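Next come the chains, spelled out residue by residue.
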Amino acid sequence: MPECRLLLRDIDIPDIERIEAYLACGGYRAFGKALAAGEPEQVMAEVKAAGLQNRGGEWYPLAERWAPHLAEGVHYLCVDASEGEPGIYRDRKLIERHPHQIVEGIILAAYALRARVVYVYIREEMHRGRVLLERAVAEAGARGFLGGNILGSGFALDIHLHSGAGGYIPREPTALLRSLEGHRAEPRQGDGGLTLFGRPALVENVGTLAYLPHIVDRGAVWFREMGSERYPGTCVFCVSGHVRRPGLYELEIGGGTLRELIQKFAGGVRAGHELKGVIPGGISSPVLRPEELDVRLSPEEWAVPGGGDFPGAFGGGGVIVMDDTTCMVDTALNLARFYARESCGQCPACGAGTHWLQKVLERVEKGEGRREDLELLGSVSGQIAPLLEPSRTTLCSLGEEFAWSLLGLLRSFGEEFERHVVEGRCPIEKDRRIKVPETVSVRF
Amino acid sequence: MATITLDGRQVETREGENLLLVALEQGVYIPHLCFHPALSAPAGCRLCLVEVKGAAGWEMVTSCDTRIVDGMVVNTEGERVAQARAAVLEFALLNHPLDCPVCDKAGECELQEHVHVHGCAVGRFDEKKLTQPKKVLGKGVLLHAERCIGCTRCVRFCDEIAGTSELGIFARGARVEVGVFPGVELGNDLAGNVVDLCPVGALTDGELAVAPPAWKLKGIDSICPGCSAGCNVRVDVQRGRIFRLRPRVNLDVNRYWMCDDGRYGWRYVHAERRLGTPRCGRGTAERSVSWDEAIGAASQRLVQQFGPESIAVICSGFQTNEEGFLLARLATDLWRTQQLALWSRNDGRGDVKFTDGFTLRGDRSPNTRGLREVGAGLGLELLPSEFIWSKIERGEIRAVLLLGGGGEVELEERVRRVLEHLEWLVVVDILDSELTRLADVVLPGVSAFEKEGSFTNVDGRVQWVRRAIPPLAGALPDWQILQKLGEEGGGEWHYKSPLEINAEIEQLLGGRYAGTGDGGREPGSGSGQAYGGGWADWLQRCGFFGVGDHTKSSH
Amino acid sequence: MNSSSAEMPAALREGCERLLVRYSHPEGALLPILQLIQREWGEVAEESILYVADLLGVAPARISGVMSFYPGLRRQSVGAHLISVCRSLPCCLMGSGEVIDYLREKLGIGVGETTEDGRFTLVEVECLGGCGAAPAMMVDGELHESLTCARIDQLLERLS
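Protein chains in written order, with my numbering: chain G, 1 to 444; chain F, 1001 to 1555; chain D, 2001 to 2160.
Worth double-checking, as some hints may not be accurate.
Listed next, the in silico DSS-like pairs over lysine-lysine satisfying Cα-Cα at most 27 Å (straight line) [what the hints assert, rightly or not]:
(1) F:K1128 to G:K359
(2) G:K33 to G:K48
(3) F:K1139 to G:K359
(4) G:K359 to G:K430
(5) G:K366 to F:K1129
(6) D:K2106 to G:K430
(7) G:K359 to F:K1129
(8) F:K1218 to F:K1139
(9) F:K1496 to F:K1484
What the hints contain is simulated information worked out from the structure, not anything from laboratory work.
For clarity, every value in this text was computed on a predicted model and none was experimentally measured.
With these hints in hand, go ahead and build the complete structure from the sequences.
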């Protein structure tokens, strides 16, 4: 099973981040086609026919989100370049290495949605990415692809880069919009739909929009030849952790198993160590044991990894590999600290609940855990995010993420947690050296 | 129109209405912390979760921001909802200190209520609770940050109602807390409402540090005498002392609020300077006398020595309609003078209107309109005080009966000279002041909190004022003083209570003045047990909660 | 406590104006303006908050509250070089704990502290997107991946 490079196809071409090289590879041809046809509905139809789904972890079909705006369009398209989930770093790479692909994707989406203004909400930490993306936008503007009456079509568009100021929660769409409006990035509920400054808006992820130039250029039918019936196209998997060759690997959806991705592409676990666990979809997805890795890399296959009634999550394609030097309680604590720090604090379940789980895990990790702590961890996690029947005790889905992760860790590595409690210490020997992969090649 | 099924019951309501409010209307109490009907609904606390049947089966929704749809099936009871409520409460209590024994809010705390009914008796959190220092927010409002559950009602109030936005939310996660920008403290005219709004004891009134606990206070429903808005209030008393005023909900008058001037401006009622005995004479000749002597002296000289042309009666806007009725009849029928004036208190600011319609009135007396209307009903037009001052200066008016009745009054230079110019001045007032020292006869009256009667607010609404505490010993309600003056003046008035006077007003004016006598309820009766203010008070009156109302016990 | 716009250097004011034109509502420019001030002056002081409050028609309490939410906005200045070490899971697996320990030892400060000479401030942050070449840290806006002791030494020397 080879890699199927679509978004990463041209990434190694020298200077691809400059418009000349991008144009030479067929860049902006899709946009040209769309403008020539002169029908934004056609682009929408193509996206719908292609069955393109969000690649930010939610997997909703774009066409569904766009459908209500068929008649009126939206005023604002906001692009989520706020990637911050540990284990997922494709957007950053795509922005730094292949910004024009994204710019063209944005323009096509804005055209389809008849958006007038685009704000790219870019993570503050992406300093380099921001510079490169800004330059790409300027280059596109200089060629007449932006501004008023673009290439005489009557379509007008401005793209503004808006830097975030840190935090994981702005990746949640309502929180992103709230942040754009100059507020704390607090997710909102409500029946008003997504709005920005009082007008209809949509939020789409960078890594998703990057597919648009390909779909519009070569057509939905061609796109559907890749991937599965329900999940067409490719997914750029981000592999990290204790593997020989961490990096980005683009595969057809369903074009292989998780084990193949880790062994074949990422070189398997580093020398002298054994695979212990894999977090398959970014830290919000429950961990898998080594014997559970033969799932196909497709969301529809993911319903019951390893069997049982524990729902897994395909997530955003961030594969974190852990070997035998990893203490799973450490891992749980690391995640707890992340989520406790990133909680916005609006709802008690996430704000106080995650804090509680962190405090208990701190004790367990130090060897000061009590017998009842393990049951408590499970019970509290179940209160924050009951697995089978959602209770909505959190305001947004990010509030439930840690609870799921912890339930997954307890399910797969409960024994290790118990040993911490019973033995009063961590049973894993800690390696105190700073490690890097054997082949220090930063892939892309 | 829409029909929904609420806990198995068919209910008629309207599309688009708020589910939580509809449930409350139907007598179904859905617990909530961050929701308030006058504010936006962030749906952050999650306590109001209920089950609603959708296309995909039963799902949990926050009722505070769910709209009624025809055919909706709602379940507010059952296992899933109970579990969600218990979970939310357990998390809300996580870092909340066990302060109940020392917390001002004990006995009227919404969190306490909900935990008692929907929560667990024992919490499982066994780690160290986060601590935060107390903060002074401004206007005497203290923030006990540890108790704060981050509901943001106070922040939203300052943003959406007061429009001043002094409060903000700081930090994140478990450490969220309310605060102000240094140097820009809480300072709007409605600031005291945040203490009512706070569902826990995080925001407290600094002045009430020494006060009985809520369950020892008795609440009397009355009207605030602070201005002509006529805000509905509850006066919380214990053993004849007022401890605090809280707003009652009245969407047509004061919404859910009252202003700080009214909320805190009643302390003159218990001031040392209250007048308790009638007085005759000025300066060194001043002496305490009996009521009979004082009334006799006042009436005699006013009526016999000075003719109708040279006497005037001045009221201040603090008299009830019933007192105004007697006053007008005293003036016209008995003393045969048309010179009845209104000396109103205006603070010069004019009306201050807030976003939801609540208005602070520039007219600082509670019954200007009522006195005018009652006077007009008896054929008398209330003259402006300026008219009287000029006539006094010209020597045309030589004797005056003046009724005060509000708090502190500062005499303008000119008014003082005018009053000094008088040959005979009788003052009915409640506080010893510059004004009373100018009087030849001082008759001690009582405040609006010590008598029964009605006020007509600026919009013409006639509302009953209820006696919250007994009149100060030695003083008399103005209507009784006027009755005595009337009897001295030859009148055959034998009213036994303001209710009887009110009945005559009703006959005279009808319309808005009908039925305000409150069906002859006993003076001093009211809402009974004190419970919060505004929305919390309203919920208690609906029977949803209140100390001692429980029939369920916690699990 | 009033802050006059005259105290704001002209260049900064111009920067604010340029940001304002991008948004149909002035509030949209809040975060970018705060970041601009922080870039120029190293921190956003109280006077600056009052200036921005006035400029945008936004309450100062809201601005402070917003600032306290985002880790990227600071009320105090940091050293000449800000070292942000990622501590999220992939970097943790590859030794971010050890990177932190090593830096603490070399710089002689704890996490969240600044060296006495004001050169370096050390903080722990969450995922920087360097998971594919962990452990990673950000120094003065530049991402450094595949860290080793040698690389850290080199970098510190270059910056000293």
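* **Hints violated by the structure (numbers, ascending)** => 3
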